[in-house]
Amino acid sequence: MATESSESEEEGKIRGGNDKLIIEEDLREMSKNAAWSVSSCKPGNGVTTLRDDNLETYWQSDGLQPHLINIQFQKKVKLQLVVLYVDFKLDESYTPSKISIRAGDGFHNLKEIKSVELVKPTGWVCLSLSGTDPRETFVNTFMLQIAILSNHLNGRDTHIRQIKVYGPRPNPIPRQPFQFTSMEFLTYSTLR
Amino acid sequence: MENLLANCVEKNLSQFMFTNAIFFCERLLAEFPSEVNLQLLARCYLSNSQAYSAYYILKGSKTPQSRYLFAFSCFKLDLLGEAETALLPSEDNVDEVPGGAAGHYLLGLVYRYAGRKNSSIEQFRMALSFDPLCWEAYRELCSLGAAEEASTVFGNVAFQRLQETFVTQRINFSEGANINQLTDSDKASRDTSLWRTEHVPGENQQDLKIRQLGADIPPDTDRQLNTNGWDLNTPSPVISQVLDAPPPLLHKNMLRSAVEGSLMSVHGGRRIKFSEEMSAEATEGSGRRRSARIAARKKIPMSQSFGKDSYRLHLSPSESNCVPSLSSMIEKCRIQSSKEATTSGQSISDIGSSVDDEENKNPSESSPDSSSLISGISEVLNLLRILGDGHRHLLMYNCQEALLVYQKLSLKQYNTHWVLVQVGKAYFELQDYFNADSTFTLAHQKYPYALEGMDTYSTVLYHLKEEMRLGYLAQELISVDRLSPESWCAVGNCYSLRKDHDSALKMFKRAIQLNERFTYAHTLCGHEFAALEDFEGAERCYRRALSIDTRHYNAWYGLGMTYLHLEKFEFAEHQFQLALKINPRSSVIMCYYGIALHESKKNDEALNMMEKAKLTDAKNPLPKYYKANILASLGDYHKAQKVLEELKECAPQESSVHALLFNIYKQLKLYDKAVLHFGTALDLNPSPSDAVKIKAYMERLVIPDELAMEENL
Numbered sequence: 001m002a003t004e005s006s007e008s009e010e011e012g013k014i015r016g017g018n019d020k021l022i023i024e025e026d027l028r029e030m031s032k033n034a035a036w037s038v039s040s041c042k043p044g045n046g047v048t049t050l051r052d053d054n055l056e057t058y059w060q061s062d063g064l065q066p067h068l069i070n071i072q073f074q075k076k077v078k079l080q081l082v083v084l085y086v087d088f089k090l091d092e093s094y095t096p097s098k099i100s101i102r103a104g105d106g107f108h109n110l111k112e113i114k115s116v117e118l119v120k121p122t123g124w125v126c127l128s129l130s131g132t133d134p135r136e137t138f139v140n141t142f143m144l145q146i147a148i149l150s151n152h153l154n155g156r157d158t159h160i161r162q163i164k165v166y167g168p169r170p171n172p173i174p175r176q177p178f179q180f181t182s183m184e185f186l187t188y189s190t191l192r
Numbered sequence: 001m002e003n004l005l006a007n008c009v010e011k012n013l014s015q016f017m018f019t020n021a022i023f024f025c026e027r028l029l030a031e032f033p034s035e036v037n038l039q040l041l042a043r044c045y046l047s048n049s050q051a052y053s054a055y056y057i058l059k060g061s062k063t064p065q066s067r068y069l070f071a072f073s074c075f076k077l078d079l080l081g082e083a084e085t086a087l088l089p090s091e092d093n094v095d096e097v098p099g100g101a102a103g104h105y106l107l108g109l110v111y112r113y114a115g116r117k118n119s120s121i122e123q124f125r126m127a128l129s130f131d132p133l134c135w136e137a138y139r140e141l142c143s144l145g146a147a148e149e150a151s152t153v154f155g156n157v158a159f160q161r162l163q164e165t166f167v168t169q170r171i172n173f174s175e176g177a178n179i180n181q182l183t184d185s186d187k188a189s190r191d192t193s194l195w196r197t198e199h200v201p202g203e204n205q206q207d208l209k210i211r212q213l214g215a216d217i218p219p220d221t222d223r224q225l226n227t228n229g230w231d232l233n234t235p236s237p238v239i240s241q242v243l244d245a246p247p248p249l250l251h252k253n254m255l256r257s258a259v260e261g262s263l264m265s266v267h268g269g270r271r272i273k274f275s276e277e278m279s280a281e282a283t284e285g286s287g288r289r290r291s292a293r294i295a296a297r298k299k300i301p302m303s304q305s306f307g308k309d310s311y312r313l314h315l316s317p318s319e320s321n322c323v324p325s326l327s328s329m330i331e332k333c334r335i336q337s338s339k340e341a342t343t344s345g346q347s348i349s350d351i352g353s354s355v356d357d358e359e360n361k362n363p364s365e366s367s368p369d370s371s372s373l374i375s376g377i378s379e380v381l382n383l384l385r386i387l388g389d390g391h392r393h394l395l396m397y398n399c400q401e402a403l404l405v406y407q408k409l410s411l412k413q414y415n416t417h418w419v420l421v422q423v424g425k426a427y428f429e430l431q432d433y434f435n436a437d438s439t440f441t442l443a444h445q446k447y448p449y450a451l452e453g454m455d456t457y458s459t460v461l462y463h464l465k466e467e468m469r470l471g472y473l474a475q476e477l478i479s480v481d482r483l484s485p486e487s488w489c490a491v492g493n494c495y496s497l498r499k500d501h502d503s504a505l506k507m508f509k510r511a512i513q514l515n516e517r518f519t520y521a522h523t524l525c526g527h528e529f530a531a532l533e534d535f536e537g538a539e540r541c542y543r544r545a546l547s548i549d550t551r552h553y554n555a556w557y558g559l560g561m562t563y564l565h566l567e568k569f570e571f572a573e574h575q576f577q578l579a580l581k582i583n584p585r586s587s588v589i590m591c592y593y594g595i596a597l598h599e600s601k602k603n604d605e606a607l608n609m610m611e612k613a614k615l616t617d618a619k620n621p622l623p624k625y626y627k628a629n630i631l632a633s634l635g636d637y638h639k640a641q642k643v644l645e646e647l648k649e650c651a652p653q654e655s656s657v658h659a660l661l662f663n664i665y666k667q668l669k670l671y672d673k674a675v676l677h678f679g680t681a682l683d684l685n686p687s688p689s690d691a692v693k694i695k696a697y698m699e700r701l702v703i704p705d706e707l708a709m710e711e712n713l
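If you read the protein sequences in the order shown, they are chains R and F.
In terms of this note's numbering, the first sequence opens at residue 1 and continues consecutively.
In terms of this note's numbering, the second sequence opens at residue 1 and continues consecutively.
By construction, these hints were calculated from the structure, which means they are not laboratory data.
Possibly wrong hints are sitting among the right ones.
As the list claims (entries may be wrong) - Ranges between beta-carbon positions, derived for each pair:
id: 1; chain 1: R; residue 1: K75; chain 2: F; residue 2: E645; range: 34 to 44 Å
id: 2; chain 1: R; residue 1: P177; chain 2: F; residue 2: L670; range: 30 to 40 Å
id: 3; chain 1: F; residue 1: L404; chain 2: R; residue 2: S128; range: 41 to 51 Å
id: 4; chain 1: R; residue 1: R169; chain 2: F; residue 2: I478; range: 38 to 48 Å
id: 5; chain 1: R; residue 1: D19; chain 2: F; residue 2: Y449; range: 35 to 45 Å
Note that the structure is predicted; figures quoted are calculated from it, not measured.
Beta carbons: idealized from backbone N, C-alpha and C, even for Gly.
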């Protein structure tokens, strides 16, 4: 599932960002079942700030690049979307610029699946993990690693205010191969 | 002075000026400490929601009335053990439960809350035998699954009993005095002319009534009760009546001494329970104290001021005999529109305050004849029989029968909130959400203030995926009453429909905070946890719901689903079995049971279960689908294909059917058909993960084709 990092300059760039986070209904957040860790942090700006739903608090790294955020799941999960909140206006040289997303079974076999370059982002930035192939809508993996390779204005450390990871909703009916789509089926499919 | 103060207190109570009443009652008690005054003060406290105060002052009292009030306060404070001891007969106390039917009902509730099912059933049955108009007791029995047929409960025995008790009451009746026309102006709902029957569990009530009477009708010499009159309060007939163990002889004595129609001649001692007519007050969220109501009832439009409206039973002193004065066991029976779950918490304060349903035409009968009484009683009992039957059927989940029974009601009665909600629930249980929707909509339109049953309404809208209407309903309900659990359930359902499960969970938790014993809120919480994949939390919630009400089959179903998700198939089977035992007609549960069986490799049983589900509810397309799935997984592709082709005719728009067909044709190597269904499946907007799956299958399909082509070349 590796996308070549040598894609054209145009494709890999993302400008701006959204103020509001709008997610499709068929996605749900996967972050709760994961273990989050970071390569380094400044005291008071640790990993919990990435998950606290508070855009005022941020994680600040404190070491050499690349800065890493590791998200480990207990079992293989399907992931579709990674969303970051970063703001150039507030963080300037701390704002990440080149980001690489890697996936794998553990630290030993991570492979890059996505590489983007942010250009002055100002809000929620959505990074889709889908490949071009329709069969590759999801990434099925144990672990996700978000690597900050460089920052704006060549800053050393980076600020990220929030990260969310999304995957598809599971079938509400257990042990069924397919989900139901029509009203009649859905009506009879559950009791409440 | 005692007189004056007591009257003042009564007046205040009846006009809901509780703090004033408490103040004066304290003065009264200080000046003239007596058991009676103590009870009066307790009543004031209970009316003012100060159960703890009542608890303290009544601690140790021995008289039946005091014991009853004390038990009531204990119950309010959740001190079930003490309530029980207070209510149970013991050697030094009178050898029976104080308060008669109401006492039994309260004791039944205590046992129920403590989880002692059999004792509670016994108590409720006794309550009903003492006073057939104790509808709440019947409801509790229904919800415990132990109700007898309505025709036996509200049958001849009940008739006799009612007759006895009414007759004795008519005797010393102070005309119209106790008829409190607390009729709300909402007479428009003539559909429900509800009688409020008061329970007066103690002679103290009688005292008070008399006092009040005396105070209020000084000029009316007929009923003049001078202070001497109070002495008449304590005569044994009164007590015996109150304790509801009246030796039959005594009643007859009363009868003999009574003079028909000339109540004027007899006055004094006998205080009556008056029946009152109230328009359907479906919401009981008010949690008014029973005693307050009793006091309120006393506020009389006296004969000179038959001020209030309509349905006045007692038209004049001479006709007071026709007053359906109720038995000493005044029990407020109230036909509630809410399901037991919602009311059990709220109704306690009224100790089954209930309103009797009486026919509208009763009031028009003015002949002070015992025959009118008889016909009145029989009408009431008829009505109760129908309602009781319907309710019992509904709670046993014989929904079709319930619907039929409710059809027998007169149009007026049918259009009352309670009945409409019952009918709506019946449709809901049958999974006939459209009819349920229309019934509930009607109920809500007619009675926007009545919140009971609205949680089910919100679930119906949830099933129908009507986001807008559900949101609107939730807003309306919250604006009516922010403190009612049903409103928060509706809000929660709204969020859940939008897949915002965290917020939905918060809302349901609020509902639980408002009423710990609201079973459905617990179950809904469980569903939300399950949607969030927090299966431990879900299990906890479901079990809590079940601890409150073992017959809440939704919680059993929820547990079964949780175990299916957790792949604990045997457990799941067990839960679904239990759910089916309670509600044997639910095809959805049967389907899941079948799935659980299939996963436990009991495939034949699984297939049988699917057949059964199909037969139970022909409109449910899922049994066929699941059956096909099982057959396919067993390798029996031809049969599976046949079933699915049938299903395709009924539900052509269902993507999963086509997807499954695609798989099956692939297995059967009928690639053309497979590809056709592949296309259709994708066209019908499957969920993204399904789309991926289907396309992946397609990939594998293409390759054999290509190989075949290559070979040919």
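List in ascending order the numbers of the hints, as given earlier, that are violated by the structure. 2, 3 and 4
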